[in-house]
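Student: As given, the protein sequences belong to chains A and B, one line each in that order. Numbered by numbering that gives the first Met the number 0, the letters in the first sequence go through residues 0 to 550 in order. Numbered by numbering that gives the first Met the number 0, the letters in the second sequence go through residues 0 to 169 in order.
Just to be clear, a hint being listed does not mean it is correct.
To be verified - Result set (EDC-like, lysine to aspartate or glutamate): computed pairs, CA atoms no more than 16 Å apart in a straight line:
#1 B:127 x A:34
#2 B:127 x A:306
#3 A:164 x B:81
#4 B:132 x A:20
#5 A:36 x B:81
#6 A:384 x A:306
#7 A:190 x A:173
#8 B:7 x B:93
Keep in mind that the hints were calculated from the coordinates and are not lab data.
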Amino acid sequence: MYAYDEIDRTLVNERVSEFRDQVQRRLSGELTEDEFKSLRLMNGVYLQLHAYMLRVAIPYGTLSSPQLRKLAHVARRYDRGYGHFTTRQNIQYNWIKLSELPDALEDLAAVGIHGMQTSGNCIRNITTDQWAGVAPGEIEDPRIWAEILRQYSTLHPEFSFLPRKFKIAITASDHDRAAIKIHDIGLRIRKNEQGETGFEVLVGGGLGRTPFIGKTIKQFVVHRDILSYVEAILRVYNQYGRRDNIYKARIKILVHELGIEKFAQEVEDEWLQMRDGVLALDDAVVEDIRSRFSYPAYQKLSDNPDEMKAASADPRFAMWLGNSVAPHRVTGYSIVTLSLKPVGMPPGDATAEQMDAIADLADKYSSGEIRVGHEQNLALPNVAKRDLPALWRALDKIGVATPNVNLITDIIACPGLDYCSLANARSIPIAQELTKRFADPDLANMIGKLHINISGCINACGHHHVGHIGILGVEKNNEEFYQITIGGRADEQAEMGTLIGPAVPYADVADVVEDIVEAYLALRARPDETFVETVKRLGVTPFKERVYATR
Amino acid sequence: MPLVKGGKIVSDTYAGLADDAELASGGNVLMSAARFLADPAALAVRSGQTGVVWPNNRDIDDLVPHLAEIAVVALVFPSFRDGRAYSQARLLRERHGYRGELRATGQVLRDQFVFMLRAGFDTFDVRKESDAKAFAQVAERYSVFYQPTGDGRATAFRQRLARQAEVTGS
Ligand code: HEM
Ligand code: SF4
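Here chain A stands alone, though its shape is the one from the complex (with noise of 0.2 Å):
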């Protein structure tokens, strides 16, 4: 965990302070709601359909316990008893009153939790591999650097009117979990012959009405120099992305129009006269703040211990084990994911009941730390083996140990027209008829890894474009209707989805999913052959003529 000191938690008072004055100024008149509008963006209030919606950012995804039971506190205080989260490392409320947003957030301040930046067109919220710091094999705890990149961005006074939104990802893992390809700078963190830590940079990735992979500007840059090349991206970004047009405004279509290699000769001939300068990061910053990061002192423990062994016996421990327990970097610990994707349920949301539950599960079983992770799950990072079955019937009560992680029910959905003026169409009915259609985990497991991701509109938020199954709401002659696209993925291998066919209606969405997976199981050479695999080898062809034979 970090440690906010006194600087950083003053930081957050004063913008506090500064949001309750601009709330004051809308409610009297005295500013304009488009004067407002960008103030209140700025701390992560939007306006939706029904209600002004609060986005709360999770630095990289970590949270201390009290911290989850002060996010519950404002579920039950000043919404209706629920948080959403979501596919950056963030919370949402959608039902909270304008004149008590500044109390949610002086709550919220209490224990260093902020919305600032989580919308606007700003540095976003720095968002990390859910498994930082406990996931073998990692090259080194990313969250520092995400949180170097956080304070760094905070308020920052150069880059807090870009052209567009702006978001960073890094990971420090082969397997990639923060989607970093997708995103306007994603970092790779490696080590250089000489053993020095840094990173591989990439630019201009990002999904919405015209998506990109991201492509990697500077193979390594030395982490001394990483605030300064940022920099240097965004200073260029700032002078010459468009604003002319907010379709065309992200960085992704800078670099597009540029080329990478004229962009990138842009970004070098801004950092060369500047990496020698305030930025360069000494070794007693990063230090500072790599301090300020605390570690459970692990205890020498068994791998198989007889808690586990026995319980095993349960069929339903050993899918859950089998399904949402991964290996930690120590031996004899597990990092455990919370389903927050039960059978008929909207994706992500979490009751402040759950919330608090989990928040003491943290306390007894993780060492007080629980992570939220890109696909809508909570994690426990620091779990005991032996505390498994114990852990598991307690999250099981709660309904937070469905054993379908990565599996075609852990759907990652936006909100969609249940709550969101852009909506084409409705999200969340669509994954909650799905969830009830493949509720058997036999059939869900004997399936496999399969993603489905699902947007109520161009804008993404729901990630369809990387989708494995990616579902797109559209509007037709004012019905609602979906593309449907597969082969996607967002990891290390990154790659867009494939349209099959013309779209489809609302009701059909659920069969044509169906009769994908149907072909899928009879087309794969062999039962470990996932989908997406069974995708590339073959193609669309073979599933679009199975989809549309009928239709």
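Fit chain B with the ligands to the supplied structure of chain A, relying on the hints for placement.
Tutor: Okay, now just chain B with the ligands, sitting in the frame of chain A:
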């Protein structure tokens, strides 16, 4: 529009000069970049001060050779959402060592004051009277700054080191 300088509302001693108006020798004037660049030598014979309004889509490299001759650079925020002039301001101050007046013009609202001060602006053509009056108070709103910029404010990290030094008595 009220002008804030040195934290206070002051009267503007500069008059805008249209592109086709005659350039008098005396008096302080603000002229467009286009007019200025058409004949930079014209300033040499003036007794009054000259300022230039520099658009936010024009490279400031074109202005840099002339910085010694001008007293005011006015950068433009066509909308408060358009943040290009923040980069221009920092480059003028931090890279090119410009020490003259740096004026923010256009849609300048109170919620940008701190960002603008940090980027190096020292004079503000404020849209609303109420914002101009609140300037001093708003400018003090934050005491913690994470990034180093040319404004010389101690960053959070330097504050931390200073506190640690106090604690250890070194
Ligand atoms: C209901 C309120 C929401 C609104 C109004 C909204 C609006 C938008 C818009 C307009 C964009 C496109 C921006 C652009 O490409 O320049 C966008 C992108 C995005 N949104 Fe949302 N969103 C909302 C909720 C969410 C939620 C709940 C999530 C997470 C589940 C989310 C995750 C994202 C992500 C990850 C992107 C980036 C996609 C990309 O790379 O282009 N949003 N959002
Ligand atoms: S994808 Fe569209 S419908 Fe879904 S939350 Fe984003 S803006 Fe709204």
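Student: If a hint holds in the structure, say so; if it doesn't, say that too.
Tutor: Now the hints, each set against the structure:
1. B:127 x A:34: Roughly 12 Å between the alpha carbons, so the hint for residue 127 of chain B and residue 34 of chain A holds.
2. B:127 x A:306: violated (69 Å)
3. A:164 x B:81: holds (13 Å)
4. B:132 x A:20: holds (15 Å)
5. A:36 x B:81: holds (14 Å)
6. A:384 x A:306: holds (8 Å)
7. A:190 x A:173: holds (13 Å)
8. B:7 x B:93: violated (25 Å)
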